[in-house]
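*Asks:* Chain residues, written in single-letter form:
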Amino acid sequence: MSVYINGTAAFISQNTLNFNEFQKGLVEYETDFLKTVPVDYKPFMTPIEARRMSKIVKDSIVAAETALKQAGVTMPDAIICGTGLGIITDTEKFLEKMIDDKEQYLTPTSFIQSTHNTVAAQIALRLKCHNYNFTYVNRGHSFESALLDSIMMLREGKRNILVGGGDEMTPHYFSVTKKTGFWKQEIVKNTELFGTKTSGALCGEGVAFFLADSQKSKSTHTELVDLKLFYKPADIKEIFDTIKIFLDANLTKISDIDLVILGNNGDWEQDKIYKTLQETIFEEVPQAYFKHLSGEYHTCGAFALWLASQIVSHKKYPEFIKANEMKTDKINTVLIYNHYSNINHSLFLLKSI
Amino acid sequence: MEDLIHNLKKQIIEALNLEDMKPEDIDAEAPLFNEGLGLDSIDALELIVLMEKHYGIKMENPNDGKKLFYSIKTMAEYINSKK
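Chains A and B are the protein sequences, given in the same order. Letter by letter, the first sequence follows residues 9 to 361 of the numbering used here. Letter by letter, the second sequence follows residues 316 to 398 of the numbering used here.
Just so you know, the hints here were simulated from the structure itself, not pulled from any lab data. Virtual Cβ for every residue (Gly too), placed ideally from N, Cα, C.
Each computed DSS-like pair below joins lysine-lysine, with the alpha-carbon atoms no more than 27 Å apart:
| # | chain 1 | residue 1 | chain 2 | residue 2 |
| --- | --- | --- | --- | --- |
| 1 | B | Lys325 | A | Lys105 |
| 2 | B | Lys325 | A | Lys101 |
| 3 | B | Lys325 | A | Lys110 |
| 4 | A | Lys66 | B | Lys337 |
| 5 | B | Lys337 | A | Lys105 |
| 6 | B | Lys368 | A | Lys105 |
| 7 | A | Lys261 | A | Lys245 |
| 8 | B | Lys337 | A | Lys50 |
| 9 | B | Lys373 | A | Lys105 |
| 10 | A | Lys110 | B | Lys398 |
| 11 | B | Lys373 | A | Lys101 |
| 12 | B | Lys337 | A | Lys63 |
| 13 | B | Lys373 | A | Lys110 |
| 14 | B | Lys337 | A | Lys101 |
| 15 | A | Lys66 | B | Lys325 |
| 16 | B | Lys397 | A | Lys110 |
| 17 | A | Lys101 | B | Lys368 |
| 18 | A | Lys197 | A | Lys63 |
Residues of chain A clear of chain B, computed beta-carbon distances all greater than 12 Å:
| # | residue |
| --- | --- |
| 19 | Val47 |
| 20 | Pro51 |
| 21 | Ile159 |
| 22 | Lys186 |
| 23 | Gln223 |
| 24 | Lys245 |
| 25 | Ala257 |
| 26 | Lys283 |
| 27 | Lys359 |
Sample of chain B residues facing chain A (criterion: CB under 8 Å; computed from the structure):
| # | residue |
| --- | --- |
| 28 | Leu331 |
| 29 | Asn332 |
| 30 | Leu333 |
| 31 | Asp335 |
| 32 | Leu360 |
| 33 | Glu361 |
| 34 | Val364 |
Please put together the full structure from these sequences, using the hints given.
*Replies:* Rendered as C-alpha cells:
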C-alpha cells in the first residue's frame with residue numbers, strides 16, 4: 009500500500025510558507041538558537057482565540073490547516089502529533105508562577121496549555137474532529153512514531169491522516185541543556201555551521217504538518233515509500249547494514265537515489281557518522297543538509313520530510329542546501345537519514361508520483 | 316474609581332493575554348462574557364484568581380460571580396465595596 013503526502017506546511021527560521029520564496033536564499037542568523045519566523049495568525053484565528061496559545065500551538069494550527077486546505081480535506085480520520093518537549097513555554101510559565109506566588113493563586117491557562125497533547129487537541133477542537141487523536145513523546149523518534157502510526161492507520165483502511173511534529177525552545181531550557189554540552193558553547197552563523205570544528209549542535213525549533221493518504225490526488229507532493237526507525241546502533245557497520253536492508257526491502261539501489269538529505273547538526277562528534285556515510289556509501293550520491301535551516305530539535309525529521317516532499321514535488325532544490333558537488337538531472341528518489349544524539353535514528357524513502 | 320478601572324483593565328489584559336488590546340480599547344461597562352470581550356469559563360477562573368491576588372478578595376459565594384463579573388465597572392464597584 010502506498011502513502012501519499014497530499015498537503016504539507018512547515019515553519020522554521022526560514023521562509024517556508026512558499027517553496028519558491030524559500031529557494032530565493034538562505035536567511036542568515038548569528039544567534040544562540042534558531043527561532044521560527046513570525047507568522048501571521050489573523051487569517052486563521054481571532055486575537056481572542058489566539059490569546060491562550062503559545063507560538064508553537066499557533067504555528068502548528070496554521071501549518072495543519074494549511075496542509076488540510078492544500079489537500080482539500082475538511083475532516084481527517086485521525087490527528088497524530090509528535091513532540092519531544094511539548095509546550096515548554098507554558099510549562100515554564102506555570103512553574104515560574106508557582107515559585108513567584110509561593111504556590112498560591114495558581115491560574116488554569118498555562119497549566120491547561122502546557123500538556124504535551126495541546127497541539128493535537130487544539131486542532132481537533134477547532135475542526136470539531138472526534139476521530140482518533142494521539143500525541144507521541146518519544147524524544148528523537150516523536151514525529152517518526154506519529155508518522156509510523158499514520159502509516160499503520162492507512163493500512164487499516166483509514167483515510168486522510170493529519171500528522172505533524174514540532175518543538176519550541178525557550179531561553180531557560182536552552183541555557184540548562186547548553187550546560188550538558190549538547191549545544192554549541194559559542195555563537196555560530198547558521199551559514200557557516202558545517203565549517204565549525206567544535207562540539208555541540210546548533211539548536212533550533214519548528215513545526216511541520218502533513219496530510220497523508222492512501223490515495224493520490226491532484227495535490228499530491230510525493231509518495232512516502234517507507235520509514236524505518238532504529239535505536240542506538242552498536243557501530244557504523246550496523247548503520248550501514250540497516251540502510252542497505254531498508255533499501256533492499258524497497259527494491260532501491262544506492263545508485264537509484266537522486267538526493268540524500270542528511271541530518272548533520274554541526275557537532276564535530278555526532279557528525280562523524282554522517283561524514284563516514286558521505287565518504288563511503290553516499291560518495292557518488294548528491295547530498296544535502298537541512299539543520300543549518302532548522303537547527304537541531306527532537307522533531308526536526310518533520311522539517312526534513314517537508315523539505316524532501318517539496319524537492320520531489322518541484323524537481324529542484326536550492327544551492328544553499330547542497331553538501332557535495334555531485335549533480336543529478338532528475339529527482340525521483342530521495343532518502344532522508346537523520347539521528348538525534350546517536351540514539352534515535354530514522355530513514356525515510358520518498359519517490360515522485 | 317477611574318484609577319481602579321484603569322488598573323483592572325491593565326491587569327485583565329495581562330492575566331488573559333489580550334496582547335493586541337490596550338486599556339482604552341475596553342469599554343468598562345460592556346459585558347465581559349459572551350458579548351463584549353467574549354470571555355469564557357476559563358477566563359472566569361483567571362478573574363477569580365486576579366481578584367484574590369491583587370485585591371485580597373475571595374469569592375465566597377459562587378452565585379455572586381455572574382453579577383460581579385458582568386463588566387469591569389461591576390468588578391470595580393465590588394472591590395470598592397469590600398474596602
